[in-house]
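Colleague: Read top to bottom, the protein sequences are chains E and D. Sequential numbering from 1 applies to the first sequence in our numbering. Sequential numbering from 699 applies to the second sequence in our numbering.
Just so you know, these hints were derived from the structure itself, not from any lab. All C-beta atoms, glycine included, are put in the ideal place defined by N, C-alpha and C. Mixed in with the good hints there might be a few duds.
Claimed, not checked - Reference listing, derived: stretches of chain E covered by chain D, where coverage requires no fewer than 3 residues with Cβ under 8 Å from a Cβ of chain D:
#1 306-320
#2 421-435
As the list claims (entries may be wrong) - Label-pair ranges, simulated between beta-carbon atoms:
#3 E:227 / D:1081: 33 to 43 Å
#4 D:928 / E:531: 51 to 61 Å
#5 D:1243 / E:549: 34 to 44 Å
#6 E:353 / D:1081: 46 to 56 Å
#7 D:1161 / E:644: 34 to 44 Å
#8 D:718 / E:336: 32 to 42 Å
#9 E:55 / D:1100: 55 to 65 Å
#10 E:642 / D:1243: 31 to 41 Å
Number of protein chains: 2
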Amino acid sequence: MGQLDTLFAPERVAVVGATESEGSVGRAVMENLLDGYEGDVVAVNPSSETVFGLDCHDSIADVGGVDLAIVVVPPQIVNGVLEEAGEAGVRDVAVITAGFGEAGSEGAARERDMKAIAEDHDLNLVGPNCLGVLSTRRNMNATFSPKSAIEGNISFMSQSGAFITAVLDWASDHNVGFNDVVSLGNKAVLDEGDFIDYWGEDPETDVILGYLEDIENGRDFIDTAREVTKDTPIVAVKSGRTEAGASAAASHTGAIAGSERAYEAGLEQAGVLRATSVQELFDYATILEDQPMPENDQIAIVTNAGGPGVMSTDAIGDSGLEMATLTDETLEALEADMPDGANIYNPVDVLGDAPSERYEQALDVVLQDPNVGSVVVVACPTAVLSFEKLAETVTDKFEEYGVPMAASLMGGDSAQQANEILGEAGIPSYFDPARGVNGLDALREYAEIREHEYAEPRDFDVDRERAREILERTKERDTNKLGVEAMELLEAYGIPTPQGAIVSDKNAAVEAAKDIPGNVVMKIVSPDILHKSDIGGVEVSVPDDEVASTYDDLIARARNYQPDATILGVQVQEMADLDAGTETIVGINRDPQFGPLVMFGLGGIFVEVLEDATFRVAPVSEPEAEEMIDEIDSAPLLRGARGREPVDEAGVVETIQRISKLVTDFPAILELDINPLVATPDGVVAVDIRATVDQEEL
Amino acid sequence: MGQLDTLFAPERVAVVGATESEGSVGRAVMENLLDGYEGDVVAVNPSSETVFGLDCHDSIADVGGVDLAIVVVPPQIVNGVLEEAGEAGVRDVAVITAGFGEAGSEGAARERDMKAIAEDHDLNLVGPNCLGVLSTRRNMNATFSPKSAIEGNISFMSQSGAFITAVLDWASDHNVGFNDVVSLGNKAVLDEGDFIDYWGEDPETDVILGYLEDIENGRDFIDTAREVTKDTPIVAVKSGRTEAGASAAASHTGAIAGSERAYEAGLEQAGVLRATSVQELFDYATILEDQPMPENDQIAIVTNAGGPGVMSTDAIGDSGLEMATLTDETLEALEADMPDGANIYNPVDVLGDAPSERYEQALDVVLQDPNVGSVVVVACPTAVLSFEKLAETVTDKFEEYGVPMAASLMGGDSAQQANEILGEAGIPSYFDPARGVNGLDALREYAEIREHEYAEPRDFDVDRERAREILERTKERDTNKLGVEAMELLEAYGIPTPQGAIVSDKNAAVEAAKDIPGNVVMKIVSPDILHKSDIGGVEVSVPDDEVASTYDDLIARARNYQPDATILGVQVQEMADLDAGTETIVGINRDPQFGPLVMFGLGGIFVEVLEDATFRVAPVSEPEAEEMIDEIDSAPLLRGARGREPVDEAGVVETIQRISKLVTDFPAILELDINPLVATPDGVVAVDIRATVDQEEL
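Between the sequences and the hints, there should be enough to build the whole structure, so can you do that?
Modeller: See the structure below:
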């Protein structure tokens, strides 16, 4: 692609609003650019003759060959500048100025105009309301952050400008370097998806880091990120994680599927490693930047003390890593090399009297063990161990064997120089062994993401036209709710429903019941009556000779309960064999960022009381639907726990996919619940449905 | 108490095994003691004339007035030295020498002798197999750690000596000071409970810190810790927390640690704050050492940037703290003081152009808000903010208002001096705001522990003699298992059981059935047949006229299934109304460290499939039994979820306590399960029981 090359590595940068005025943003940006940027800086400001010795231009239109314009003029005149820049052939712009979407209706209008101008002139526009852009490619700090960055291969985007200033201040002192840094601001034009896309193709970027407060176009983000993470890890803090979802949707799905559920599902489906704190964000970034992929999930500990070995093992127990089982060859070699009393099993304890040479012997053996995917080296200070020599040994072995490693040199200042040696080699080293283990666990997780094969959603032969007709029927009504009358919608999408019919007179009810073997279930059908059972609107196990009288009873009860209700008739339905089956729920609601979110769980108490449910952004592929079943705690109940016969899991998996297709095909469906979808050993059947549609979307 | 005063602050210390020999432990201890200890050092070693210029004594018996003896002689002669020391009137001893319980059967025998000698001479003995003892009271480093400690009010015990060397190395460089430090070693005599007891009374100790791999005498530990935590917080890392960690710990110490479930329950019942990593251990210790208790659980954030404010809010969402709702007065005052655009709601955003004076204005208001229990101050670097001035402001306000505070100055070296100012005032400050929030959350948790009222276990009027008789019956059998025949055990302890009887002939069965209204349940009674239903050994809903034939059938099936089984007869029982009730399980098993551990959960899938169970170390008080119900996820099912009628929760709570009393009264009961205990709106009934007894304990 390279589409943003000139944004991050421009040959000529113009600062529109350049000034020497003390304390101004325009001054800070000029100072930063003039401090080492390997390219031309052009100052634009009609009210100045010169800025920092540079001739000032009246307008960007007067300057030729500008790759990147940094705009710091007052908000009222930003759009005029953008027009001029676009006409002058500038393609890359960062608007630092605030006073747009974040600033009331006037600002929002300005931002709309900005988008239109950007589209007209094909502008790659960063911001507005941002800190600017920084890149070490040409040593350019086009931000108003007082600190710049040292070189590295992490590219970082942030929805908080202040957080960038904090990170830059901290990073240089901790030897963390960056390639590109961008402050996303209001994301009027370029958003996280654009930068992921670009950095995914960029050979200078080894890790993509994000601080995100929201994600635009969730589904596109997922699709882009999936491609990118095959080669380049993406680590993100998504803030606002714990805020209770604001959605007050009526259905069960809505009730527990706040938007954090969507982010959680969406970021996982996107293959994004999620950090929950700033510390994790950079711990993950630095290990991913420098280390190879582990060959497997097993990890070995080499330590000179038992206690810290156990602490490290606990950290491994908390992670997705497993304690490596050393091969017999490894054990024999350790037995031969290590002194009496050393523990040759994992954690390998080289004992408190070990100098770095003994660590070296142990590492030479352990790092060649095919069962060992990564190693953490733990050391307490002793009279005979030099931390610096140990750091050099670990560095050598890391380079020799290419096995991921972390260290924990458990000291204060005495470990500092050794930690620097390790840090330069890309080996994280912290006092607390749990932190290094946590980093290696992120590496494992990324290795898994990298290997992950994403399946395309299955295509099913469905009757889309029929489904549309059923949805459009709601237009003739006062309500946007659908009830059992929408069972046909499921039929149109190939989801099994009980045999039955909706009838609107007594005789038709009797006829319908005749076609159904055994007794029937009869339910009132009215979009205005959602809780049918509560008003006596459902009768089960009705024998054929009571169908006519039951019909009259149901209609009478409904009229009595709500005289003005629209009554569409009565559903006469086959009895589902609930005893032989397990009730499940498949539902969807629509997230503002990610679109349709599919929920799966077990019916009855499981979703409602135990909140045992799982979510995916649609469309859901077959492996994803299978994973959904794996993820719920109550899955064993579908799989033969306590002597039950296992249910038709494939039927559940297929229903999830068909619902996913239905709601992807019809954005008008805002919410939909199949509750219950009864799963039996012989198949599944959708017994009841509720849905809400957006009639304007039809 | 002061019983260990002379251990930590002796006036005269003798080193038995003192030497100048290079690389020896005896030399290291001598060097450390001679480096600043404010007391007399005496060297004991029959093979030397002088050590470091001190006259060497042949035996400790030759020296008078020794408060503390440090023993570093070879293991074979340690016990001899202890005898001499005891006879010479020494009361406090630390045995550094290894080669005892951890070293095979010979070592174990040596350790047994050591215990006997210690008992004879009333020795306060630390170790063996330890690093020694250190205290800043008299600036004494009687360990072989190369680093000593700076003064402070944390007292620290560790089951890993190496971890002490690591912590001492790290702590001085991080301005963390200690009062006493002790390496527990094999805990032949003094264990964690003794030190907790002592430090709990010690005015110099503000926080007790522990690294523990196991706990001796779990129940005593709970009772001691509960008393101590009223005044002095106890923070512990219990390693071997995870399955992987537990097996590593077992091979390290040889200790059979109890189950993690027992430790989890026990440490919580003891009021110990549990840290899961080294970082947490010291983050908690430092904040607890220096800060006052929060008045409430609400926390306010004052920040100069929105993004980091949101991150801090997320950290609060992960914690037990709540975002403070500021009072109207606070909001009005902030509205008046803060510039336009500032967010006056929590998180309070003083904006990016805020100098420390604006923070001061905001803090003056927020810290006086009665809804604010603690405050975290967050700052990103800006051109107008001096971190040092902010640190001074925060320090002043902390001292002025006495409200717990943490800070996050988000910078690198630029924040270092400010962090030192804060650190000296006892205000933790980390780059990652989540860490400070986590510390304040520990403070909140300790405030809760401090306020906690521990109830005495209720005493019940029970028939202990009858219970003993039933248990003793097992002595006549080949098995130590009890089945339904032990329902009487429950009756003896006042736990409701269905009406019924165990009969050993057909006619008695018919008579028994007559006394019971309605149909009956009949079950084979045999200690050899545990899975009665599987062999057709249970018949439900038997009408009176089929009781005789059913009796014969049950006996025949049992004989057929297992010809040599001891058959005690048939139980004729009232039908429990399972439909109206919810099946629960109350069980106990016995943990090697903590003794009887009581479990509670719902029957059926809940414990077995969903693992939804909770545990307490017995004896269980009434409030603890109530908490057990609160803790299970499925509790709403007992409380009227989904239209059920709430069950008799008080009955469940009482049953838990009665079982707790039963197993406390009879250590011979190794395991016992009431499954199910059916809970209905009108009461509870124990429908079945299984137990295992240790006949030798009876």
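Colleague: Confirm or reject each hint.
Modeller: How the hints compare with the structure:
1. Counting residues of the stretch 306-320 of chain E whose C-beta sits closer than 8 Å to any C-beta of chain D gives 12, which meets the bar of three, so the coverage hint holds.
2. Using a Cβ-Cβ cut-off of 8 Å, 5 residues of the stretch 421-435 of chain E lie near chain D, which meets the minimum of three, so the contact claim holds.
3. For the hinted restraint 33 to 43 Å between residue 227 (chain E) and residue 1081 (chain D), the CB-CB distance of approximately 40 Å keeps it satisfied.
4. Between residue 928 (chain D) and residue 531 (chain E) the Cβ separation comes to about 52 Å, which falls inside the hinted range of 51 to 61 Å.
5. For the hinted restraint 34 to 44 Å between residue 1243 (chain D) and residue 549 (chain E), the CB-CB distance of approximately 40 Å keeps it satisfied.
6. Between residue 353 (chain E) and residue 1081 (chain D) the beta carbon distance is about 54 Å. The supplied range of 46 to 56 Å therefore holds.
7. Here the CB-CB span from residue 1161 (chain D) to residue 644 (chain E) is close to 42 Å, well matched to the stated 34 to 44 Å.
8. Here the CB-CB span from residue 718 (chain D) to residue 336 (chain E) is close to 35 Å, well matched to the stated 32 to 42 Å.
9. The given range of 55 to 65 Å is respected by residue 55 (chain E) and residue 1100 (chain D), whose C-beta atoms sit roughly 60 Å from each other.
10. Here the CB-CB span from residue 642 (chain E) to residue 1243 (chain D) is close to 34 Å, well matched to the stated 31 to 41 Å.
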